[in-house]
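J.: One-letter residues, chain by chain:
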Amino acid sequence: MSNGHAASKRYTRFFTEDWLAVAVGLLLVALVLTGLLKSIP
Amino acid sequence: MSDRVLTSSVAVSVSRPEPSKQWAWWSASLLLVVLLTAATWWLNKTVPTWSKQLRVIEFPVYAVVLGLLAGGTLSLLGVKERLAGYFRTEFFLKTGLVLLGATINLAEIIAFGARGLVQAVVMISSVFFFTWYLARWLGVEEKLRALLAASVAICGVSAAITAAGAVLAKKEQLAYVTGLVILFALPLMFLQPLAAVWLNLSPEVAGAWIGGNIDTTAAVVGAGTLHSQQALKVATITKISQNALIGVVAFLLALYWVVVVERKPGQRPSAWEIWERFPKFVLGFILASVVVTLALSNGWVAGGVKRDLGHLREWFFIAAFLSIGFGLSLRGLTEAGWRPIGVYALATAFNTAVALGVAWAIFG
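Chain order of the listed sequences is A and B.
For the first sequence, this note's numbering begins at 1 and goes up steadily by one.
For the second sequence, this note's numbering begins at 42 and goes up steadily by one.
Same shape as in the complex, but just chain B (with noise of 0.2 angstroms):
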């Protein structure tokens, strides 16, 4: 039997093993995932103490190259598939997220997540809008239209997948846009903290451009990691204040295309999709830092505790990054032709431009 499942990332086939040997599988992918964060982790630790040029590379980098190696081997071994049962980036990410709020006092959610909804609010708005008339200038199909928007203007893989459901795109044409966000997304995770640095900025203003351009929250978390604790901070409370409003976008975007588009004014979404896309770790997130920095300032707890969190979350991390290493695969990217490049390429540029003016006159 074959079923086709719904990964990290993409929509792979996968041939169904009996019971007995799926458990099998299953043990062995937990058992890879433990050794491989294991092995990144010893790497992060060890490197740095071979050379001082080396501390630049931070632990996004080991498990990215990790994954992709691991991938890679068992994809030749044909393998791949079969045990790719735990390397679940989304899962592992929003986990390490809601540490990574655990980190953060309150008081620093509030003034940063309120800046970062202005921000998101303009970001979303003029990036969204810019995509959508260049890819129908270009001639993109309307769905894939509206999944390069999405994707670009808020948050990647996410967006994209709230983009399909609101206008009902292809499965393809979800995998192909979830490729453009990886292939651009990655670069730029190692860029960005680069050129954030060369143009001097501040740690925040830093942190904004990151979390208001990269279109991944995991590559958003590596580009904030390479910069700086606090950049990796602001970058995150920006790039939450963005995904939050992905159950607005969807609403609309459904909107639009059920009044529009398919011009059926009887049908209309309800104001529940907007909850049924809100991205709940945003939840766990609030919810974790409220609950820490209330046992902080009462007291109630050691202040080792933050150590510990942040230790945890990194392990956590490592594993998202280990599991988008593993799952990444372009191929189907020279399918759709080289118009949704264009678009998605250019669309970049454009937020990484507004991006930078944005965060510099909101945080700088």
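Chain A on its own, in the form it takes in the complex (with noise of 0.2 angstroms):
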């Protein structure tokens, strides 16, 4: 790996949250469409 493909990747890190977020976001919506989650205020 050259170090400008080294360097690329410590930015790319950032993009690792999006996966957490979609993962968190998905669980949710299950949990709402099976009913384990209603009436949020």
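Note that these hints are calculated values from the structure, not bench results.
All values derive from a computational prediction rather than experimental measurement.
Every residue gets a Cβ at the ideal spot worked out from N, C-alpha and C, and that includes glycine.
Just so you know, not all the hints are guaranteed correct.
Subject to a maximum C-alpha distance of 30 angstroms in a straight line, what follows is the list of computed DSSO-like cross-link-like pairs (lysine-lysine) [as the list claims (entries may be wrong)]:
#	chain 1	residue 1	chain 2	residue 2
1	B	Lys121	B	Lys86
2	B	Lys347	A	Lys38
3	B	Lys184	B	Lys212
4	B	Lys121	B	Lys62
5	B	Lys212	B	Lys321
6	B	Lys62	B	Lys212
7	A	Lys38	B	Lys184
8	B	Lys212	A	Lys38
9	B	Lys121	B	Lys211
Distance ranges between label pairs, derived from CB positions [unchecked claim]:
#	chain 1	residue 1	chain 2	residue 2	range
10	A	Leu36	B	Trp67	25 to 35 angstroms
11	A	Ser39	B	Gly383	50 to 60 angstroms
12	B	Val238	A	Ser39	26 to 36 angstroms
13	A	Gly35	B	Val300	48 to 58 angstroms
14	A	Ser39	B	Gln63	27 to 37 angstroms
15	A	Ala23	B	Ala336	15 to 25 angstroms
16	B	Ala390	A	Gly35	48 to 58 angstroms
17	B	Ser116	A	Ile40	27 to 37 angstroms
18	A	Gly35	B	Leu76	26 to 36 angstroms
Take the two lone chains and join them into the complex the hints point to.
T.: See below:
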């Protein structure tokens, strides 16, 4: 891996939070659709 | 031991306490986020009942102000960085966006998304090159020029980080541009919906104008919310269409940098870079819409789920705006001089004018 690519990798770590947000978001959707989470204020 | 940690918007230096104390600070941070989010929710429900005029103030305002107050107070007490752990703007925002996708019918995403992509290509290319050449004319350094052009043309913080990776900019330059993005996005978040009402724009055109102009996704959500539910939908979809092109722009920028600026034709960025930089929450947004659209149209779930999903979304957006207010720090702006600020201001004005024309042409 070149120095440039390694440095670029440091910045792309920012985007791994995307996957966590997707996972949490979809989990919440599933909980609401299945009725496990309801009547949210 | 000191670490440079990239938070939601700027890089800060944090001294690490022992592990047990670190847990205590993180727990306190989580509690603080939960309490402030609940306080914002309470204000949003209660204040409008005091007076008709106060109904125009929506949750992004309370959230940013409370976050700002909390950040300022804790800064004076010297514990702001220790309690910053759970103030995760991007995480709350993107989770909220996945939940927003769940409340939007897939047919609307396809209809607005297609037009949004056309708008995005026109906006990104015109604004990017306008900013690039204006910055060059004013003598702004090359890498900073790339960050400015990317963040005005596409999507604020994410685009600046993407461009920083593509051209290997310094962290200080990234922090500076991030500060500029917030400095210009927050006033626009309040002013642009007002301007849209004053110009008597339809909710679709208003939403497309907001989504095509305001630089951060968070401020787009805030501005859309302040205008109308329909504007929020259209603004979010057009903004997401723009965000989706981040990967393509990063690839082209990296290619230009390696081949033209640094003259290393042997080294080329791979097409994988486009995927790496593609904002993954867009997939969650679309998937959530697909799942809920299917579930509702087939009668598998009751209609009340959209209300619950909408309320959940609001909690996450509140937390996102709280985190924005909490993390606001504009000190770094004075260090790089007036030129980048001048470029950003002029580019934003150009962006605003062109976005209005394009929004009206495509969505009017």
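J.: Each hint should be assessed against the structure and marked as holding or not.
T.: Results of checking the hints against the structure:
1. Lys121/B / Lys86/B: holds (28 angstroms)
2. Lys347/B / Lys38/A: OK: Lys347/B and Lys38/A at ~11 angstroms, within 30 angstroms.
3. Lys184/B / Lys212/B: Given that 30 angstroms is the threshold and the Cα spacing comes to 11 angstroms, the pair holds.
4. Lys121/B / Lys62/B: holds (15 angstroms)
5. Lys212/B / Lys321/B: Given pair Lys212/B, Lys321/B holds - Cα atoms ~23 angstroms apart, limit 30 angstroms.
6. Lys62/B / Lys212/B: holds (29 angstroms)
7. Lys38/A / Lys184/B: violated (49 angstroms)
8. Lys212/B / Lys38/A: Not OK: Lys212/B and Lys38/A at ~43 angstroms, beyond 30 angstroms, violated.
9. Lys121/B / Lys211/B: At roughly 25 angstroms apart (the allowed maximum being 30 angstroms), Lys211/B and Lys121/B satisfy the hint.
10. Leu36/A / Trp67/B: 25 to 35 angstroms: Once the Cβ atoms are compared, 27 angstroms apart, the range 25 to 35 angstroms for Trp67/B and Leu36/A holds.
11. Ser39/A / Gly383/B: 50 to 60 angstroms: Holds: the Cβ-Cβ distance is about 52 angstroms, inside 50 to 60 angstroms.
12. Val238/B / Ser39/A: 26 to 36 angstroms: For Val238/B and Ser39/A the Cβ distance comes to about 34 angstroms; the hint holds.
13. Gly35/A / Val300/B: 48 to 58 angstroms: For Val300/B against Gly35/A, whose Cβ atoms are near 56 angstroms apart, the range 48 to 58 angstroms holds.
14. Ser39/A / Gln63/B: 27 to 37 angstroms: At roughly 36 angstroms between Cβ atoms, Gln63/B and Ser39/A fall inside 27 to 37 angstroms, so the hint holds.
15. Ala23/A / Ala336/B: 15 to 25 angstroms: With a Cβ separation near 19 angstroms, Ala23/A and Ala336/B satisfy 15 to 25 angstroms, so the hint holds.
16. Ala390/B / Gly35/A: 48 to 58 angstroms: About 50 angstroms separates the Cβ atoms of Ala390/B and Gly35/A, which means 48 to 58 angstroms holds.
17. Ser116/B / Ile40/A: 27 to 37 angstroms: Since Ser116/B and Ile40/A have Cβ atoms about 33 angstroms apart, the given range 27 to 37 angstroms holds.
18. Gly35/A / Leu76/B: 26 to 36 angstroms: Since the Cβ atoms of Gly35/A and Leu76/B sit about 28 angstroms apart, the hinted range of 26 to 36 angstroms holds.
Comparing the model with each numbered hint stated earlier shows that hints 7 and 8 do not hold.
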